[in-house]
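Novice: One-letter residues, chain by chain:
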Amino acid sequence: MTNNFVFEADMAAKTIHISREFNAPIDKVWKAWTDPEIIEKWIAPKPWIAQTKIMDFTVGGIWLYAMVSPEGQKHWSRIEFTEIENGGHFSSINMFSDEDGNTAAGAPKSFTETKFSSIDSNRTKVDVLKTFTDEATIKMFAQMGFREGTIMGYSQLDELLAAE
Amino acid sequence: MRRDIFQAIADPTRRAIITLLALQAMTPHALAEHFDSTRQAISKHIKVLTECEVVTQTQTGRENYYHLNLQRMKEIDIWLERFRKLWEDRFDQLDNVLKDL
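These protein sequence lines are chains A and B, in that order.
The opening position of the first sequence corresponds to residue 231 in my numbering, with each subsequent residue numbered one higher.
The opening position of the second sequence corresponds to residue 1457 in my numbering, with each subsequent residue numbered one higher.
Among the hints, erroneous ones may be present.
With a straight-line cut-off of 16 Å between C-alpha atoms, the simulated EDC-like cross-links for lysine to aspartate or glutamate are [said to hold, decoys possible]:
| no. | chain 1 | residue 1 | chain 2 | residue 2 |
| --- | --- | --- | --- | --- |
| 1 | A | Lys271 | B | Glu1544 |
| 2 | A | Lys261 | A | Glu315 |
| 3 | A | Lys355 | A | Glu343 |
| 4 | B | Lys1530 | B | Glu1509 |
| 5 | A | Lys304 | A | Glu270 |
| 6 | B | Lys1541 | A | Glu238 |
| 7 | B | Lys1555 | A | Glu251 |
| 8 | A | Lys276 | B | Asp1548 |
| 9 | B | Lys1555 | A | Asp257 |
| 10 | A | Lys271 | B | Asp1548 |
| 11 | A | Lys258 | B | Asp1556 |
| 12 | A | Lys276 | B | Asp1545 |
| 13 | A | Lys355 | B | Asp1551 |
| 14 | A | Lys345 | A | Asp257 |
I should point out that these hints are in silico values taken from the structure, not numbers from a laboratory.
It should be emphasised that the depicted structure is a prediction, and the values quoted were computed from it without experimental measurement.
Throw the hints in and build the complete structure from the sequences for me.
Specialist: Given below as structure tokens:
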């Protein structure tokens, strides 16, 4: 079955729209995106793992978590929730931080809006709209802690480079 | 001044210039003929594109040619491809998590 994965970048608007359908009712999908124990199970690209330090899923609250490499290297992110409509959508400001959630002055940000909609009783669509402050932000988010090539092996990258 | 690719493509005229130069290198005169704007206006846009490293110039005889720097454009595709792959993999993992939830 198709899951209708969408990944559209609008470079002029500095936005990326990501969308996907899941075979689960909306309440389960919502829980999987907002309960830290569950998010940790899917958010990190293997072999990295995600570890939560703080999760306060309220408006003004933050999710402070680290992507941890097999060698124990940690990359911290601080997600601040700016809007929550239970079971429907939430908005956040995403930034890289240190382990105490401190962010550098003028550090790049991305604004994320995540929307959930029922297709039927057992199928849910999630739309993620990311707005970046500048080019450097997309570059950072794309490379994040994954310079070691765990997301995309260097061979794949070479292929991509060779393709044009 | 450091400029980024977003500044290059933020303006519709600059996007049109990029599209034209993607087809072939052009002289300032040939390029300007495609637009109603003055040559000065076009050369301002070219200046921004040059600072963003999207456009380069070469001299052939007496003529100056503008070229699109494909390498620079390709870089963007590479970041985006990485980012796309990250989300694709995440969602595949999420499918498995949802099965057991």
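Novice: Check the hint pairing lysine 271 of chain A with aspartate 1548 of chain B against an upper bound of 16 Å on the C-alpha distance.
Specialist: Roughly 11 Å between the alpha carbons, so the hint for lysine 271 of chain A and aspartate 1548 of chain B holds.
Novice: CA of lysine 1541 of chain B to CA of glutamate 238 of chain A, is that 16 Å or under?
Specialist: holds, 13 Å
Novice: Hey, lysine 258 of chain A versus aspartate 1556 of chain B, does the alpha-carbon distance stay inside 16 Å?
Specialist: holds, 10 Å
Novice: Just to be careful, I want the Cα atoms of lysine 355 of chain A and glutamate 343 of chain A compared with a cutoff of 16 Å; is the pair within it?
Specialist: holds, 14 Å
Novice: Need the status of pair lysine 304 of chain A, glutamate 270 of chain A: alpha-carbon distance at most 16 Å?
Specialist: holds, 14 Å
Novice: Between the alpha carbons of lysine 1530 of chain B and glutamate 1509 of chain B, is the straight-line distance 16 Å or under?
Specialist: With Cα atoms ~12 Å apart, lysine 1530 of chain B and glutamate 1509 of chain B stay inside 16 Å; holds.
Novice: What's the verdict on lysine 345 of chain A and aspartate 257 of chain A, does the C-alpha distance respect the 16 Å limit or exceed it?
Specialist: holds, 13 Å
Novice: Given the hinted pair lysine 1555 of chain B and aspartate 257 of chain A, is their alpha-carbon gap at most 16 Å?
Specialist: holds, 14 Å
Novice: Is lysine 355 of chain A close enough to aspartate 1551 of chain B, meaning Cα to Cα at most 16 Å?
Specialist: holds, 12 Å
Novice: Hint check: lysine 1555 of chain B vs glutamate 251 of chain A, CA-CA at most 16 Å. Holds or violated?
Specialist: holds, 14 Å
Novice: Going straight from one Cα to the other, do lysine 276 of chain A and aspartate 1545 of chain B come out at no more than 16 Å?
Specialist: Roughly 9 Å separates the two Cα atoms, so the pair holds.
Novice: Holds or violated: lysine 276 of chain A and aspartate 1548 of chain B, Cα atoms, limit 16 Å.
Specialist: holds, 12 Å
Hint violations for this structure: none, all hints satisfied.
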